[in-house]
Amino acid sequence: MSQPKDHGKPGRPKMAVFKFASCDGCQLSILNLEDDLLALGQALDIAYFPEASSDMREGPYDIALVEGSITTPEDARRILSVRKQAPLLITIGACATAGGIQALRNWGDVEAFKRVVYPSPQYIQSLSTSTPISEHVRVDFELWGCPIDKEQLLRVITDLLAGVQPRLPTHSVCIECKRRGNVCVMVAKGIPCLGPVTRTGCGAICPSMGRDCYGCFGPAEGAHEGPGLPPNTASLAKEFHQGLQLIPIEVLRRFRGINGSVRPFREESQAWEQKDRAG
Amino acid sequence: MSEAKKTKTRTIAVDMIARVEGEGALRVTVKDGVVQDVELRIFEPPRFFEAFLVGRHYDEVPDIVARICGICPVAYQMSAVHALEQIFAVRVEGALRDLRRMIYCGEWIESHTLHVYMLHAPDFLGYASAIAMAKDHPGILIRGLRLKKAGNALMTLLGGRSVHPISVKVGGFSRVPLRRELEGLKEELLWARDAAVETVRWVAGFDYPDFAQDYTFVALHPSDEYPFNEGPIQSSGGVNISAAEFEQHFREEQAPYSTALQCRLNGASYLVGPLARVNFNHDHLSPLGKQVLADTGLSLPLCNPFHAIIARSVEILYAIEETLRIIDSYEPPPCPSVPVTVRAGTGMACTEAPRGILYHRYRVDGDGLIREAKIVPPTSQNQRRIEEDLRAYMPRVLDLSNEQAALGCEKVIRCYDPCISCATHFLKLDILRDG
Chain P
17 MSQPKDHGKP GRPKMAVFKF ASCDGCQLSI LNLEDDLLAL GQALDIAYFP
67 EASSDMREGP YDIALVEGSI TTPEDARRIL SVRKQAPLLI TIGACATAGG
117 IQALRNWGDV EAFKRVVYPS PQYIQSLSTS TPISEHVRVD FELWGCPIDK
167 EQLLRVITDL LAGVQPRLPT HSVCIECKRR GNVCVMVAKG IPCLGPVTRT
217 GCGAICPSMG RDCYGCFGPA EGAHEGPGLP PNTASLAKEF HQGLQLIPIE
267 VLRRFRGING SVRPFREESQ AWEQKDRAG
Chain U
6 MSEAKKTKTR TIAVDMIARV EGEGALRVTV KDGVVQDVEL RIFEPPRFFE
56 AFLVGRHYDE VPDIVARICG ICPVAYQMSA VHALEQIFAV RVEGALRDLR
106 RMIYCGEWIE SHTLHVYMLH APDFLGYASA IAMAKDHPGI LIRGLRLKKA
156 GNALMTLLGG RSVHPISVKV GGFSRVPLRR ELEGLKEELL WARDAAVETV
206 RWVAGFDYPD FAQDYTFVAL HPSDEYPFNE GPIQSSGGVN ISAAEFEQHF
256 REEQAPYSTA LQCRLNGASY LVGPLARVNF NHDHLSPLGK QVLADTGLSL
306 PLCNPFHAII ARSVEILYAI EETLRIIDSY EPPPCPSVPV TVRAGTGMAC
356 TEAPRGILYH RYRVDGDGLI REAKIVPPTS QNQRRIEEDL RAYMPRVLDL
406 SNEQAALGCE KVIRCYDPCI SCATHFLKLD ILRDG
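Going line by line, the protein sequences match chains P and U. Going by my numbering, the first sequence opens with residue 17, and the numbers climb by one from there. Going by my numbering, the second sequence opens with residue 6, and the numbers climb by one from there.
These aren't lab readings, by the way, just hints derived from the structure by calculation. Keep in mind that the hints are not guaranteed to be accurate.
Unchecked claim - Distance condition first, Cα-Cα at most 30 Å in a straight line; then the derived BS3-like pairs of lysine-lysine:
no.: 1; chain 1: P; residue 1: Lys205; chain 2: U; residue 2: Lys174
no.: 2; chain 1: U; residue 1: Lys140; chain 2: U; residue 2: Lys416
no.: 3; chain 1: P; residue 1: Lys194; chain 2: U; residue 2: Lys174
no.: 4; chain 1: U; residue 1: Lys174; chain 2: P; residue 2: Lys254
Next up, chain P with everything else stripped away, as it sits in the complex (with noise of 0.2 Å):
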């Protein structure tokens, strides 16, 4: 990964800020960086970004933020034209790194949802997939999260800007929870948790208010691209199944949700599938 650069003008970097398919969360995380904001503003020349500024100016920019996952045949082909204007692409959150909450229209029938939902359905485009950025361009860096976590993104934007490779934690969120003294959900109270194979970042606040983990954040370390092996997602279904007594269809609901496209978690509820129509 490079540094950025100016692109032969003097000043600061330009970022600009695109979206796809997705709910505006992770670009209301920026907004959301409330003490350290004007600072950002100061440090980057926020180029694009209409969520936030009428002022839309041309590209190239140095480094592209992008929210959303890709659903439309016009977003698939816009995608190509926003890699060629940065070099380096930085998706933000579950759906622009896992194709989102969205893509579990992955496993449903899009034409049909359209043809009979809709009064006019031939004025809808939309894909039958949803899809994460890195399907259809190179990714730079990706950061995990429904909705990311914004030290994260100043973090990572932060490290680019003084030249440093950005690297974020993917241990488990299990682990989290240990360090914060936790008592654990799913062995004091019987709830099923995702825990033990999602990966940190949101600071496990779901067991420390007393619930399950859902899997925001995606997989843990080895989910995606290296390092370590993918989380065992196989060992927890079956503690999920055998231990707290969820049926195969209970089983498949909790590893297919928020990032359930991504593959340890698509696999396993896929397998969860096949249990459910073996009966």
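Chain P is fixed; fit chain U onto it per the hints.
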């Protein structure tokens, strides 16, 4: 302009409306100086939420519907849990009910402050963005960011985080705060109360176009409090119904140029959101809120869409005062949630999202699985009304260049704080079974 009388068609277009949540465009065609078509085109891709809610367990619904909107996730969670609690005949009362009002207050503070300071004020002061505005008015933007942060802190304490909070569930919360945790917010909220008063005074001093419109206002209007989660749905035209009757009066239609459905009340446009809420519920403001509103010199009802920024600021103040009131009377409930017994049925609820009423309907089977879902967000309700406002506003900008005219139109749209991400993701799933 030209003296020739030949037919001349002109198109005024905004390809990407800035400083709104989500992606939309505007297209106005003018023929011989007369406005022909006004199309608020929403090109956010559909995300099919109502489709994939079907088959999910009811206790997953708050986590799923939050993802419809990163700016107002609490609104989606609140409409959902209230609709589902209807089905299960669960009553959430006392401190738990207060905490639900409080987390909603946090969202109003955060969302309204975002719009007032960062998305809308730059229009009145002549800047492209809040960051550009900060060069000349650093103190004002710092006040806005701190106010917004106070709202986020409230949501984070109650919900674990401000975007997509995690503690809201059918029956209550997964965890409720300790008294001392709430007390810890008080000092900042007392500062925020003063900042909110200053905010109302600040925005009341902006220059406003004289643009009163004849609106049908729609809002919740409880008899004894400013609305969040309960109350009859009333219109200034005399409609007075419960959420269960919503679909008998309000209907969604699809426009060919948009991925959002437009909702109409008995066939006509109407307006939801802060203007409508203040007009119906100003009696329920605190004495301070009433005084600050009176000091603006505006007479009620507020009928100028540009005054929405004032209504929004008055509501920031209300939300802070309501939070302080709840903190002072707070006794932690014995349990963070009340027990739920699943039963089959259909439930509807309407709550006041920052941008206006948000309707949810769910049908649940005996196993607690969702069989049908319908969601009508505020922006799809306001969309028709925005187009009508634009039509009325166009004569004022026709003599300007296309660029300036488009800028004027964008300003009208931004008055509504439209949330396009919300508006676009809805399908009439009630007819899916025919397929």
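For this session: Measure nothing beyond the straight line between the CA atoms of P:Lys205 and U:Lys174; if it is 30 Å or shorter, mark the hint as holding.
Result: holds (17 Å)
Problem set entry | Pair hint outcome, P:Lys194 versus U:Lys174 [Cα-Cα no greater than 30 Å] | It holds: about 25 Å lies between the C-alpha atoms, which stays within 30 Å.
Problem set entry | Hint consistency between U:Lys140 and U:Lys416 [alpha-carbon to alpha-carbon, up to 30 Å] | Measuring from Cα to Cα gives roughly 22 Å; hence the hint holds.
Exercise. Hey, U:Lys174 versus P:Lys254, does the alpha-carbon distance stay inside 30 Å?
Worked result: Roughly 26 Å separates the two Cα atoms, so the pair holds.
In summary, the structure agrees with every hint in the numbered list given earlier.
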